[in-house]
Amino acid sequence: MRDVWSLYSDKVMEHFKNPRNVGEIENPDGVGHVGNPVCGDIMELYIKVNDNTITDAKFKTFGCGAAIATSSMVTEMVKGKSIDDALEISNRAVAEALDGLPPIKMHCSVLAEEALKSAI
Amino acid sequence: MGRIYLDYAATTPTHPEVVKTMLPYFTDAFGNPSSIYSYGQEAKGAIEEARVKVADLIGARNEEIVFTSGGTEADNFALKGVAYANENRGNHIITSSIEHHAVIETCKFLERSGFRVIYLPVDEYGLVDPDDVEKAITDKTILISIMQANNEMGTVQPIAEIGRIAKEAGIYFHTDAVQTVGHIPVDVNELGVDLLSMSAHKFYGPNGVGALYIRKGTKLTPFMHGGEQERRRRASTENVPGIVGFGKAVELTQQEMSREAERLTYLRDQLIKGLLERIDHIRLNGHPLMRLPNNVNVSVDFVEGESMLLNLDLEGICASTGSACSSSSLEPSHVLLALGLSPEQAHGSLRFSLGKWTAEEEIGRVLEVLPRIVAKLRAMSPLLKSHR
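Keeping their order, the protein sequence lines are chains G and A. Read in order, the letters of the first sequence correspond to residues 1 to 120 in our numbering. Read in order, the letters of the second sequence correspond to residues 1001 to 1388 in our numbering.
A few of these clues could be false.
To be verified - Pairs of lysine to any residue residues, derived as SDA-like cross-links and limited to a Cα-Cα distance of at most 20 angstroms, are as follows:
(1) G:Lys11 <-> G:Ser82
(2) G:Lys58 <-> G:Ser82
(3) G:Lys17 <-> A:Arg1372
(4) A:Lys1376 <-> G:Ser82
(5) G:Lys58 <-> A:Ile1184
(6) G:Lys58 <-> A:Phe1302
(7) A:Lys1356 <-> A:Asn1239
(8) G:Lys58 <-> A:Leu1252
(9) G:Lys17 <-> A:Arg1259
(10) G:Lys58 <-> A:Lys1356
(11) A:Lys1356 <-> A:Leu1252
(12) G:Lys17 <-> A:Pro1382
Claimed, not checked - Label pairs and their calculated CB-CB ranges:
(13) G:Glu76 <-> A:Glu1111: 48 to 54 angstroms
(14) A:Arg1278 <-> G:Asp10: 29 to 35 angstroms
(15) A:Lys1167 <-> G:Lys17: 40 to 46 angstroms
(16) G:Arg20 <-> A:Arg1003: 27 to 33 angstroms
(17) G:Ile104 <-> A:Asn1189: 27 to 33 angstroms
(18) A:Arg1003 <-> G:Gly23: 47 to 53 angstroms
(19) A:Gly1364 <-> G:Glu96: 39 to 45 angstroms
(20) A:Asp1131 <-> G:Ser90: 43 to 49 angstroms
(21) A:Glu1361 <-> G:Asp85: 37 to 43 angstroms
Honestly, the hints are just simulated from the structure, not real lab data. Note that the Cβ used here is the ideal one computed from N, Cα and C, for glycine as well.
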């Protein structure tokens, strides 16, 4: 029987259940604040940069399962990357790293990419 | 504890007794009710028996009941049927801003074909003011359509009062009673309605069958053209097993409605009280008293509905939300926005709808689990910080 579960991949659910890097960074080197309450997703991404490398990333998100999972995934993906490499991360790459998102949830991955670019 | 189903307003499981009653009509008594041989007439008789039960439930005459494919069709039939048949009298329709999509979208369709529709506001509890209905009437008004109870937040409208206004003005009055029929007493004469929509799968009948009550003398265009079924008002070979199941569901609900409404009201109030006590920054949506016995709808500040639903599902609890994130549109529930809620509050809404198999322990389980879920999600919410 199909239920709400099969809406998302196991990977999305795993990040949703155990989100990585939740929180804020004190004195961050960059903050991205994107989304709006009307569409129901708000993401805040904090990064710490040392010597052109992202050393730490944290997030706070108000939103659906996909919004939380993409936030979690993008913080994992940027850590240890150079600014230039981090800018190369696309929304599609975030979605792929989560083994895909339902079509109506792809905008969540766009939000994650925008939050990252805005933080940088 | 197994899965806890608290989404009875979305659909109910078909009662095993109903299924048992339906089964012969798929096989042994499979005939087409339009056929004159006994197979056909047997099916025809079963439909008429069901019609008597449905009519009796709402105080109607048998010939005033037209079977449909469900509540959405009944709403479409009522609105388009009256609009097209009465164009010569006027083009103005009065409805509310909290109707089900089956009414709202039908009204929008009619607006595109030249009708004018006014969508009345509601107060903070979701109530339509009968005075507003009266003031909205023009010499072009041909139809008033106000739902009896809202599917999302459960507020029950003063339909009888609006019925008196409609009658005095000589305007057809339709009510979408999909959430009330089978749950609370509904009588078309007490309510003063000319048209009333109902659906079987909301009270343990099968999906895909419903009915429209049409008061004798009401002028409306047939919904489907074709054969002569349903006194030429709705062509199509009848869904015999579905209609038989609908009749059985009516029979079962009549036996236990008042007892069940009392039981559910108690559980509903336990859940509301418990949620308000255990979670801060939470509000009840809808009217505290003029409310369906089985509906609980709350908005939890700083968290989004779908993420709460997913967490509840991980605990085996099925509920629903007015958040856009759970639908393909990006707009949150039009009903909750009409109550004056902010988009954030509408996104943070949760609906629990109780039913026949809801046990007190299940309510306890929700009260144990939800505060934990809310705390977890709030810890990652950027809204909570800006609130502090």
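Hint check results:
no., hint, result
1, G:Lys11 <-> G:Ser82, "violated, 25 angstroms"
2, G:Lys58 <-> G:Ser82, "holds, 16 angstroms"
3, G:Lys17 <-> A:Arg1372, "holds, 13 angstroms"
4, A:Lys1376 <-> G:Ser82, "violated, 32 angstroms"
5, G:Lys58 <-> A:Ile1184, "violated, 51 angstroms"
6, G:Lys58 <-> A:Phe1302, "holds, 19 angstroms"
7, A:Lys1356 <-> A:Asn1239, "violated, 26 angstroms"
8, G:Lys58 <-> A:Leu1252, "violated, 56 angstroms"
9, G:Lys17 <-> A:Arg1259, "violated, 41 angstroms"
10, G:Lys58 <-> A:Lys1356, "violated, 46 angstroms"
11, A:Lys1356 <-> A:Leu1252, "holds, 12 angstroms"
12, G:Lys17 <-> A:Pro1382, "holds, 18 angstroms"
13, G:Glu76 <-> A:Glu1111: 48 to 54 angstroms, "holds, 49 angstroms"
14, A:Arg1278 <-> G:Asp10: 29 to 35 angstroms, "holds, 31 angstroms"
15, A:Lys1167 <-> G:Lys17: 40 to 46 angstroms, "violated, 57 angstroms"
16, G:Arg20 <-> A:Arg1003: 27 to 33 angstroms, "holds, 29 angstroms"
17, G:Ile104 <-> A:Asn1189: 27 to 33 angstroms, "violated, 45 angstroms"
18, A:Arg1003 <-> G:Gly23: 47 to 53 angstroms, "violated, 33 angstroms"
19, A:Gly1364 <-> G:Glu96: 39 to 45 angstroms, "holds, 42 angstroms"
20, A:Asp1131 <-> G:Ser90: 43 to 49 angstroms, "violated, 56 angstroms"
21, A:Glu1361 <-> G:Asp85: 37 to 43 angstroms, "violated, 53 angstroms"
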